[in-house]
Amino acid sequence: MTTAVSVSSPGAGRPAPGPAADEGLARRLRALACTAPLHDLDTRKANLAGEYGTYSMAEVALAAIDLVTLHMDFDTGADHEEIVARLLPRVAAQAPRRPAAEHERVARWVLENLINVGSVDRGFRAVYGTFGPDGEYVRRDYDFKLIEEVPGPGGGVYLRTTDEAVNVLVGALDTDVTSAQIAAEVKLEVLVSRGRLADAQLAAEQARYRTVQYAETLRRTLEATRRNVRAVDWLNAVPDMIAEALDHVADRYRHENAILTNIRRARDEAPADKNPDHKLCAAELVDIVKDCIRRHTQLQSRLLEAGPLFRAEQDRQAFAPPAAASGLDLYGQLLAPLLPLPVERAGKVTDAFFARGTGLRAPAAVRLGDLTEMLLTPPVPREHLGAEMPEPDLVATPDDSRFSEEQMEAARELLELPADAPRRLSGLLAEARRRDPELPYLVALLAVHAASPPVGTAYRQGERRLLFAVDDGTELDDPEFGGADLVVGTALLDAAGMAADRTEVAS
Amino acid sequence: MNEYGPYGGHVGHEDHDEREGPGGHGVPGTEVPPESARRPAVLAPPDAADAARLVSFGLQPKLLPARDAEYAELLRRYREEPAFARLTDAVATGLGLVVLEVSPRAGMAVTAAEDSVFAVRMGDYARRATSDSTDRFLHGLAHLAVAALAFPRPEDLADDGYVGRISVNGVDAFVRQACRRLEERAEREGENTDPASDTPGLEAAWRVYTRRSATGATKDSRRLAGSTTGIVAKAAAFLADSGFLQRTGDDAGGTYRTTARYQLQVRDMAGSAAMAELLELGVVPVGDGSATLLPPPDPDAPEPAADAGLPFHS
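In order, the protein sequence lines correspond to chains A and B. So the first sequence is residues 1 to 507, counted in my numbering. So the second sequence is residues 1 to 314, counted in my numbering.
This is chain B alone, in the form it adopts within the complex:
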């Protein structure tokens, strides 16, 4: 970290001087050395404050750079000054954050590193989930299903301009449909999927979802929290609170659209982490990265086409 100069190195350099636009850097009166050589020497506590300020903007995921001049200015500085960018990254890392992307569209997109104080723990998220492994699974599955329906094709996840749209009831129906496929397949193959009584952990995942009721009437006409739509709605509301989704309406249990941050989070963090875990379990899903939503070679074939992606052929 010796590139951040001592106090004395920061002479006559005020923050507002920086905002005079692209050619205005370093104008204040001193002799002007080449930027790459001069910049590292003059980073000082005010710069560290700016870097920390930018990280703090990143911690408010619902704040949009387009709506806040100071945020937009710090973003510009991050992108134009490599030293400031490194300083900001260091601040984020020190706080236990991972920088996903810094851009005008996503802002300072940071997320919590593992075991960071900022990380979301399942126990804080849903109290029942700590004691009940079924609930824990359903809450995790809801998050995965929201992402899968928000970005149904691999291109959607890769395309920066893509905005996904989901509804709570839609996500539930989507997972139920996938489960029904598996149920039908098991039935066709004459498989008895009823789990053995004393080994609940060995019950097939899809059965756990099918078994849970989709919704339920409660005394105060709120959504039944333990129902699958209740669980999906909680996930969607939580993601909206994290600045990952934006609520667009109340139809179909609540409709949402995705934000750039959510795409980054799913693409760079969650997707790969879950994938690694799945590979660890010895399940190797084959995919060549192309669109996977193809008609099945034979509609009656019980086995899925190797590259059939969406629920209905696998």
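Excised from the complex, chain A in its bound form:
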């Protein structure tokens, strides 16, 4: 697959490194190449039209790879738009004074460059050199991707991080998935028991990356099984694999539940005054471990589906009556021997298949007369648009609202209270009555509503202020209304904190 380009004849006085040492060097060169696109981002940001120096592109890129890895599911990858949306807070934090449109442009630019949209392969290539066993120097192309686009079940395009990207992200992941995961979890347990939660969070996140990788490996195996029953060894290998994986899931589930209990205890017992960060950190850990458990459960349900799937496929494929005549084995005799060939030679075979396998096309023959007529004919109006819609006959409905828009506006203005100065309902009602005799009813109504403020809605919508009313036992003294003289005030909400919380919950 490679040709040796002789640079110097063997034994020409050049130090001849052993092939083993060279292999290690090649591996490191490839690992190094994977980081190049990230460095490249910071180099190339100067070429963008505008002042983008403040943004740290490599940081955004790593965050993007992080996000995509965490959002990769069993079936699909991460949604492009969602990743952009989740990148925005970080981009915005880097340059808070810049417009939001610019933040979005930066996020998209980084993501597109990680996919490498400009190239037809949508990947990267690095060139490195090695010495062959016979002492010849060979330049080789190393092709890799960081984020790849994969088709989703609904016909959409999703993003998945490649193994190379995960390696760039977490580093030195080229180890056995299972054992690495066990190691990470033991580490986590020790860290939690010693109260070193910041380190524990890092370990938990690493455990989650490994969980995702493990699911990905299994997904590929099951997909292959689905395509052809006898392609996979269902006598030994696959049942063993499924049993192993189920054991693994059960084991991890037990383990992670234990960790969860431990962390919860650490979270609840951590003295709040000593280090408030600990509590927050432990709460985040709980979410991460919960997510791990969710992914394991998902994996387990897939594993349980595998057996029935095999039996159904076997019924369909194996019990079909064998045909009398035998034919060409397209895969075994054509496609499989073809793929290892150099593309130059393989191309001859595919050309032959294409030439004979595409059938025929009747060539178009045009008469000049027809052509002239065709070109001169005005285009026929398109009819597939359907019949013309009748103009709808709209009747204005009478406005039967009890209060007018102006009254609503006046009531809102009245209740626009400063956060540090709540007022009594009696005073508000008196002031309202001076403006408009109907207005007190509306104010009273709004105040009563505020007695049970819609906190959940405000939280979800990220509102900054919320009207509330509290009954402190004082009797209301008013000619028209009775009941409690509520204390009405405005509460300021921590919008930024809530937004961060929402992100945490959703992830």
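Since the hints were derived computationally from the structure, they do not count as laboratory data. Certain hints may be false.
Distance ranges between label pairs, derived from CB positions [to be verified]:
no., chain 1, residue 1, chain 2, residue 2, range
1, B, S133, A, G118, 19 to 25 Å
2, A, G386, B, S103, 40 to 46 Å
3, B, G282, A, E81, 49 to 55 Å
4, A, T377, B, S133, 39 to 45 Å
5, B, P104, A, Y253, 57 to 63 Å
6, A, S301, B, R121, 25 to 31 Å
7, A, E51, B, S133, 42 to 48 Å
8, A, G386, B, T199, 54 to 60 Å
Don't be surprised by glycine CBs; every beta carbon is placed ideally from N, CA and C.
Since chain A is already given, all that's left is putting chain B on it; use the hints.
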């Protein structure tokens, strides 16, 4: 061609007389000689027109004989009158067509002979393919992979009643899986498969496929034409246009089922042509024609079982 009689030989023989059913041949009034002796003498220009008409039906691959009475009638005549069959074959050959099969299920299955005006050229098929040998290979491979997945076992290709089903994403995943196997094998053997920089033609075929992205977002939310699913989808759509596949749904990038014509085309034309080319290259795939999808003798064995067919053990 002296068996086609002169004009005068065709007396009182109208086309509609032929359609009176099996015993009705040659009824119109003349003395009735034995069919084999009489038929060659009376073939005339109207018969040639009929033969050409049948060939023209064959040129519309999506037309089904069951849906067109005239087509079905001409097919019946082809099968029952050897002379008419020979005449039709001659018309097809003269046009540069090869007759694969004439039957009610496949219709008049003709395909383009090499260098025929009807042949599909790669350059017309995909413009990039003329300049870029990688693209040319990928387009050819897509067609081969569609066929391989449509007829996964040798029996499927041989069994006339078999209807294969494929989806665009399925074909892509199938080839990727096969490529991944090769990648894993190369890795196990410690082989460095990165090609030398200035010899792109020597890169392994599977690497070319692995390298190309599976899909890609485009500005107008169409499929990225240069991605592998884009290339496979183009192949499937083209085959559907040739009457070789029928589109059945939009799931998984588009699902299709095979037609009798496609089976014939792959079995009698494409498969053998590609096989001959492969043998020319000195690669001799061994197969005894039996089902090749067997479990490997040892799942960890790096070498494939000699008769392991589908992607996962070779």
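**Asked** So which of the earlier hints does this model not fit?
**Response** Hint 6 is the one this structure does not satisfy, whereas the remaining hints hold.
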